[in-house]
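Based on these hints, arrange chains E, C and G on the given structure of chain Z.
Number of protein chains: 4
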Amino acid sequence: MGVLRMGYAHVRVTDLAEAKKHYTYTLGMKVTAEDGNKVYLKGWDEWDHHSVVIEEGGVGVVKFGFKVEKLEDLARFEKQGQAFGDCIVERMSKGDNLEVGDGVRFTTPGEHVIEVYHDMSSVGNEVGFHNPEAWPRHQEGVAVPAIDHALVVCQDPTLSESFFREVLDFYPTERVQPELESKECMATWLSAGQKIHDIAILGGPVQGKLHHFAFQLEDWSAVLKAADIFSMDDVSIDIGPTRHGITRGETIYFFDPSGNRNEVFAGGYRAYPDRPCVVWTPDQLGKGIFYHDRKLNEAFTSVWT
Amino acid sequence: MGVLRMGYAHVRVTDLAEAKKHYTYTLGMKVTAEDGNKVYLKGWDEWDHHSVVIEEGGVGVVKFGFKVEKLEDLARFEKQGQAFGDCIVERMSKGDNLEVGDGVRFTTPGEHVIEVYHDMSSVGNEVGFHNPEAWPRHQEGVAVPAIDHALVVCQDPTLSESFFREVLDFYPTERVQPELESKECMATWLSAGQKIHDIAILGGPVQGKLHHFAFQLEDWSAVLKAADIFSMDDVSIDIGPTRHGITRGETIYFFDPSGNRNEVFAGGYRAYPDRPCVVWTPDQLGKGIFYHDRKLNEAFTSVWT
Amino acid sequence: MGVLRMGYAHVRVTDLAEAKKHYTYTLGMKVTAEDGNKVYLKGWDEWDHHSVVIEEGGVGVVKFGFKVEKLEDLARFEKQGQAFGDCIVERMSKGDNLEVGDGVRFTTPGEHVIEVYHDMSSVGNEVGFHNPEAWPRHQEGVAVPAIDHALVVCQDPTLSESFFREVLDFYPTERVQPELESKECMATWLSAGQKIHDIAILGGPVQGKLHHFAFQLEDWSAVLKAADIFSMDDVSIDIGPTRHGITRGETIYFFDPSGNRNEVFAGGYRAYPDRPCVVWTPDQLGKGIFYHDRKLNEAFTSVWT
Amino acid sequence: MGVLRMGYAHVRVTDLAEAKKHYTYTLGMKVTAEDGNKVYLKGWDEWDHHSVVIEEGGVGVVKFGFKVEKLEDLARFEKQGQAFGDCIVERMSKGDNLEVGDGVRFTTPGEHVIEVYHDMSSVGNEVGFHNPEAWPRHQEGVAVPAIDHALVVCQDPTLSESFFREVLDFYPTERVQPELESKECMATWLSAGQKIHDIAILGGPVQGKLHHFAFQLEDWSAVLKAADIFSMDDVSIDIGPTRHGITRGETIYFFDPSGNRNEVFAGGYRAYPDRPCVVWTPDQLGKGIFYHDRKLNEAFTSVWT
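Residue numbers (the working numbering), protein chains in the order written: chain Z, 710 to 1014; chain E, 710 to 1014; chain C, 710 to 1014; chain G, 710 to 1014.
Be careful, since some hints might not be right.
Because identical chains cannot be distinguished in the list, a pair is counted as satisfied if it fits within a single copy or across any two copies.
Calculated lysine-lysine pairs in the DSBU-like style (CA-CA distance at most 30 Å, straight line) [stated by the list, open to error]:
1) K1004 to K729
2) K1004 to K730
3) K772 to K730
4) K934 to K1004
The set of hints was computed from the structure by calculation and includes no laboratory data.
Only chain Z is shown next, with the shape it has when bound in the complex:
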């Protein structure tokens, strides 16, 4: 019945060994495969083969994968992409991505590459599915359970939002609009299900860029633990711990060693398509983004990869 979730984020890193240490030792992900200049990783509560791919050579986002519930979703999305027009639509084949099945690859109007697929090899999570413990008894670092969402940057967020709404059946949960009644948006948070956002889009002077991709955390206590570990491990923190006004989520923005921005994210309310979309106006944008500081920091609108 459509997109289940962001299945993977694939990013470039300048130094693979350094990046691997960040995602494993600090964030606590497990390496599930290494393949030439790529390392595949997953969080402890994920059962599919990987949720993050790091590839040596440069910096910045390569593409995102979104997993669909039913095989027939692929054809429907392909058709909707063709009808939408303002995007590139291609078939992708099993094996184009390690352990990932057939799918459809879109290049959005914002120049982000989005792959939708139905199959990824399952490797099981770390507590199993038979009388499981609540969490793994032995953990490393922040021990992120799973990937959560991404925020991407492009020049026309309203158009990119239309892509996600019309082609992939997402719906907006919160929007920054020039005015209270407006179809235009300066930024938008979109859900494919009941998560407060699976992807968000921020308007900026560039195309095809990543603002950050995020990992789930249990709660505000886990956010403090993460911040402490970032300090111990000399991870560069952009901002946080703090709360977002938008989504109500509890958060830290930080950078991987190559400069890709990561986030750890807890809380956030449950999204429903019949819930009125929350609208933020520019005068309250600072509070919307960083609820406590009530102003954007410089990096927010200038650092993306």
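This is chains E, C and G only, laid out in the frame that chain Z set:
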């Protein structure tokens, strides 16, 4: 595309004034209507007209409402109910329930009354949808944001599970089974979307009974605050604060003044239909239900309304 | 046996009504007396008459009071002050301060006024001392239970530290020193008992100034709640929520409407005189002060009152 | 100036290997020495050589050590013990206890052995005292930072309280009394400084017994983590997570493999000798001990070692 969530729980109470005090002063819900022997209530983050109905006269569950995403879901569910056979299917009309539109009423094989509907009057939540604060500055008691799920009791949980799977498109996230490989279940937790459970079914010697209905809480800290308030307000606690092994949720079971069991529930992982269903076997049932005590208390399998 | 705790902070404010609103509506203190241009306030878990005095006219610290355990402590401290030499020592009389008994007033080498006293009228806390509840069922705003400590600024922190050590029997728990082995300090945190600090002293270009005075909070969850309320109430946040490396405390710095810096502070380890004093060197000062940001913000070393 | 804190608890265990696993693998203490049938352990934030001694052979408390601030405290306490009369007073010598200096050994009227001492070898804590991290990056299990207090059982708690007040200069912070105005107590919580209790005494039909000894935890989140680990490690939980009405502390009672009751304890307000002593009456005892359940469980008044 189907059921969004449990929209309301309607229960009988022996003393309306006493019950109203419990749901408002202790739990912090707002009264949105009073109508003869019924009081309608909602949590602060709910925008639909009500999520709990208390009706004077006796004790125990009257029925549950589930809201659907699209009007055409109603006809589809009606048809699926007729095909399923082992249930009563009736049309219900706008006005049968205060502020609720047309719908379909099912009596499940476990003799629970389930109403599905598409429309309920919207009254807005308490922070609004325009540059909202993260939560209401002034709150009462536990200040539950919203209803979450219910656990019901009947004699054939496997059959009732089939009803929710085949008629209403729910899927099980966790099951207690006599053996690891078994189609039978002794209890089952079912999701209609990405919430870890929208309804759960427990096998017992009776039909049509309520084990508990639950309210969401933000996190483990909110659970402690709730427990403290229950003590201050002389609310009878059944068990908790503790964790469930099943769902991983953080919980308190407690009773309203008439003896209907309520729950406050935080945490729980995000459900997906492609996640392997978790299976519990009877030898680990105690740990599954109450993760810390690792045994059922007497009330769990004997007190229902 | 010496100083029990900081009993009161007395500060000037530019607008009494505005300040009163900050300390009562936002911080949740109670007014226990109003007296001309002064308002007296206490937190919910304090039993003595007041812990904060706000006085209209200007901005900045007037003085601090420290309560002693035994009446004879006053004479001993007076004698130790006279022996120390580098301070002004005066007797103060019952009634010099509302509801406060006889005492001794010191002007420290850093030009801070410190009053020690044995008696203050007791008005009881808000839960009482007979089968008490864990906290008051009805609270306002942040609902600070009690004052905690202050950080003051002067030109010679080593000398001021000597005053607190030799005259008032405090001992340092953490120090910032130019080198690992050094009697000099650039800042020092001092305890009179087992609290991680009752007063701290920061070196700067001025004398007799206040950096901040702090209120206790229960834990990291209470810190988030406080930050949210500051945002709702338009309180200016200096930094936080974050952790201090020094003391390990969880914190927010913020300003009252007149610009006096306040802090809410949770956690921190228990101090003992036989615990080795923690030493920080200037290269790690940023991490010592703000454990997550790992650098001082501009305000830290330039804004004091 | 008197007792600083409980320095060590020395208990018998039936199986040393099993007990060692409990205190190291589950609780995360470090072994600092092994000596025939004894193992010495400390928490990560303790700098003295050990805080727990487990000795093979039986079950139950052997003795407690309390560290004093000044060497001359020993002679004063010895004299006060002789004046008190109703106790045995002996000198103990350096080497009587591994790594512990000279001291005085008391047998209280409740037949508990209490050793006071001034010197124990310092081995440092796990983060050091020079630009330290907030906590150790790698931890095992619950990772208790330090021992906190003990509750002991004897026939005349009022008399034993007098011992701690008159001989060792403790003061009561909370008491259970037959009536609101009464010098008698059925249980008493005593502080030597500003911790809410360093020792507590419960009346019962036996002499010289241990109810439990406790470890500090950071906060309510750490209590949940501990409870989860106890479940994973098959540790027998007596009760909790819950709150005490008395002390307001957040708690779990559990048993080591030999049946000695342990506690993890967070929160609790700061004690001061000028704070009115809290009085509980028998009708509210259940709420005083277990604030949420509001009744004693059977084990509370019958299981001690």
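Output the indices of the hints that this structure fails to meet, ascending.
none
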